[in-house]
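Number of protein chains: 2
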Amino acid sequence: MIVEVIAVGTELLLGQTVNTNAARIGARLADAGLDHQHSSAVGDHPARMVAAIRLALSRADAVLICGGIGPTQDDITREAICEATGRAMAFSDEYADRLRRWWASRGREMPDSNLKQAEYPEGADLLDNPKGTAPVIRLETDDGWIFALPGVPAELEALLDLHVIPFLRDASGAGVVLSRVIRTYGESESRVGEMLADIYDEGGNPSMAFLATDGEIKVRLTAHAGSAAEAEGLVAPVEAAVKQRMGSLVFGTDDDTIERIVLDLATEHGWTIAAAESATGGMIAARITAVPGASKVFRGAIVAYHEDIKRMNLGVPAELIETHGVVSEPVAMAMADGVAAALHADVAISVTGSAGPDPLEGKAGTMVIAVHTPERTMARTVQLPGDRERVRTYTTTGALHLARLAMSGQWWTGQPKHGRWV
Amino acid sequence: MIVEVIAVGTELLLGQTVNTNAARIGARLADAGLDHQHSSAVGDHPARMVAAIRLALSRADAVLICGGIGPTQDDITREAICEATGRAMAFSDEYADRLRRWWASRGREMPDSNLKQAEYPEGADLLDNPKGTAPVIRLETDDGWIFALPGVPAELEALLDLHVIPFLRDASGAGVVLSRVIRTYGESESRVGEMLADIYDEGGNPSMAFLATDGEIKVRLTAHAGSAAEAEGLVAPVEAAVKQRMGSLVFGTDDDTIERIVLDLATEHGWTIAAAESATGGMIAARITAVPGASKVFRGAIVAYHEDIKRMNLGVPAELIETHGVVSEPVAMAMADGVAAALHADVAISVTGSAGPDPLEGKAGTMVIAVHTPERTMARTVQLPGDRERVRTYTTTGALHLARLAMSGQWWTGQPKHGRWV
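Here the protein sequences line up with chains Y and C, keeping their order. Per our numbering, residue 4 is the first one in the first sequence, and the count goes up by one each step. Per our numbering, residue 4 is the first one in the second sequence, and the count goes up by one each step.
What the hints contain is simulated information worked out from the structure, not anything from laboratory work. Be a bit skeptical, because a hint or two may be false.
If chains are identical, the list can't say which one is meant, so a pair holds when it fits in one copy or spans any two.
As the list claims (entries may be wrong) - Cut-off 25 Å, straight-line C-alpha distance, at most; resulting in silico cross-link-like pairs (PhoX-like, lysine-lysine): (1) K134 x K221; (2) K366 x K299; (3) K299 x K221; (4) K134 x K366; (5) K134 x K246; (6) K221 x K119; (7) K246 x K366; (8) K246 x K221; (9) K119 x K134.
Use the sequences and the hints to build the structure in full.
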């Protein structure tokens, strides 16, 4: 069954609201094995909404319209459905009573404008909304099903699970779609594509796609099958082949973020973690502490932005800074050792460098990362292109990956996606 | 001029990636006074991409295609444009050389697959991408302009400003559109709307819009005029009226971020700044150090995630923690005083709290912010709804705003947008 999504609201086209609902619906359709080929956004504009609904009906079996069923003047989804399908507008006395009771139960009198929510295209079913006042409208037409859903994310999610996904799955007799994301770090997107070219070319089921984010490359496998077990059977051998081919470049699957992997490795070893940050200015600590439960392993960090702090609070010897410069591997290693001592941590990640745009010690985009473990301390220098925020973000990702490699006893075998180890 | 946006990528339809690029492009089109009527997402599927491009050309004057111009096999935007417009695929030796130099300058050999990025539909212009390897493709057809842009947000934003928006504005012969953003903090969006209702109702030119982001409310004025001077003359009196009405809730205009305002205030006073962070885990320091030149004022931070660090490295007395709990105003104030002393800073911002989802000391979403200045130290407690990331982000924004108020001698007169001061 082919499903198409139309998100309604001029604020989406003006960029004032990000269309997160499209992703919410997309993820649920994929989980349910329903085919989702087009997604669009249209403003609160009668003629364009009618055209969008007709177009969607012409190429899909079911159209999910999200937004525009509230009580105000600019909510025109009901009218657009009537116009697109040639139905008259009907009024549900029963739903009007239900609306009055909903408001009364909250001790408030219902503004008359809310009666609009008891209107519906003739022939449609009104399905109960336990989280709000706008019912789901479900209409069968000669060209397929139409569902109109509220745009409020919490209501939308509940109603998809309650009234839409199970209904469409039943109607479709659909199979299952299984997606598996293999997360890698250390090679460019083009190099990853080359490494997997023959597997990609076998193509089909599962299909393969590549996705670059903040210096990591994700390889996504998507299988269509009659059952979850069959889909898993299709994905498993390809997943194994990709992982074998890419070796230690692979660091996780699906929701495994690098910060979670680093915390898991520390937990496994019974180690605690600290960070000493100069150019990244707290970004490594912020990434690690974004993970719920980080407090079991993460001790803290010293953001040593001024050179004084490196000497006073991290105990980096002044001579070391004079001899090598503050952007140097000896200083990065002393920072890692220093913060491990100062915060009583087993593992420490440090960064010193120049994120730009103004060069420091004649450098911009030169970043030095060091990792201290109970076994050793090592450092690497990386030269990164791009603006300040990009240099800092990629360095943060790179530092977490080097910590992963160090904690699993692999030292610096990978390369960063962008830039180069010096 | 009517512009239509097509975002390319199966990950958008599967809900694995939120289509933030559509909002990025939409906001820029709106600012430039360009009409944006449809936005859609399509998978990495040749026939559907070709159909999407043809449909967009049939109803718009310019089509912006975003994504699918990377170096891997699933990047098929170039091919789809050729097919949709009946052009042959050409190859740019000049761009191929440029790609080779780009890789060589980073000390790496270019994977051959990258040569795909030197291909282009015959007749198109290749426009330089200073942030990456994929050039912008600009093609004039009988049905309108086509632009192909990379999907990486940082590249996309830079290229829109460099090659797309100015070009479309010129081509449209539109007058001048001037947007002025007045940045406020301390009241909810609906309250700001009420405060400005009469000015809003005068409406027209400039028009007014409200935008809520991370706890701040932006009031955007947009004027259309024949010249820049005329547009400024329309905006100026309305801007003055809004600022007078909103008083100290206004903290800046246009690109004035709160972190830059805080750094400017410190520079004015000749003060240095430090931070002591528990629940925000480095986010305050990361926000401050994102500003180029922060090193002149910002000394550093101590991320005191474990309770030990609060005692050992910030000198918070153990009795204080025992008596009041770690999530308390006395502890937050001792953290601010402690980090000011430890890092020799004049001003210090501190946060302690429980970001959730697991409650700490029976609390989740309770955050305490303190600010130390040479004059005094004060703390406030805030109770925030939402998930861990939202609680941390809003607290970071709130802490920077309280620092601004403290440094300008105003203590806690505002209220946070979400949540409440306790």
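Hints, one by one, checked against the model:
1. Taking the closest pair of Cα atoms, K134 and K221 come within 25 Å of each other only across two copies (21 Å); inside a single copy the shortest separation is 29 Å, beyond that limit.
2. Proximity of K366 to K299 under the C-alpha cut-off of 25 Å is restricted to the inter-copy arrangement: shortest distance 18 Å between copies versus 38 Å within a copy.
3. Proximity of K299 to K221 under the C-alpha cut-off of 25 Å is found in neither arrangement, the shortest distances being 29 Å within a copy and 39 Å between copies.
4. Taking the closest pair of Cα atoms, K134 and K366 come within 25 Å of each other only across two copies (19 Å); inside a single copy the shortest separation is 44 Å, beyond that limit.
5. For the homomeric pair K134 and K246, neither the shortest alpha-carbon distance inside one copy (37 Å) nor that between copies (30 Å) is at most 25 Å.
6. Taking identical chains as interchangeable, the C-alpha atoms of K221 and K119 lie at most 25 Å apart only when they sit on different chains, with a minimum of 20 Å there against 42 Å within one chain.
7. Taking the closest pair of Cα atoms, K246 and K366 never come within 25 Å of each other, the shortest separation being 37 Å inside a single copy and 42 Å across copies.
8. In this homomeric assembly, K246 and K221 come within 25 Å of each other (Cα to Cα) only inside a single copy, at 12 Å, whereas the closest approach across copies is 47 Å.
9. In the homo-oligomer, the alpha carbons of K119 and K134 lie at most 25 Å apart inside one protomer (18 Å), although the nearest pairing across protomers, at 50 Å, exceeds that limit.
The structure does not agree with the numbered hints 3, 5 and 7 stated previously, though it agrees with the rest.
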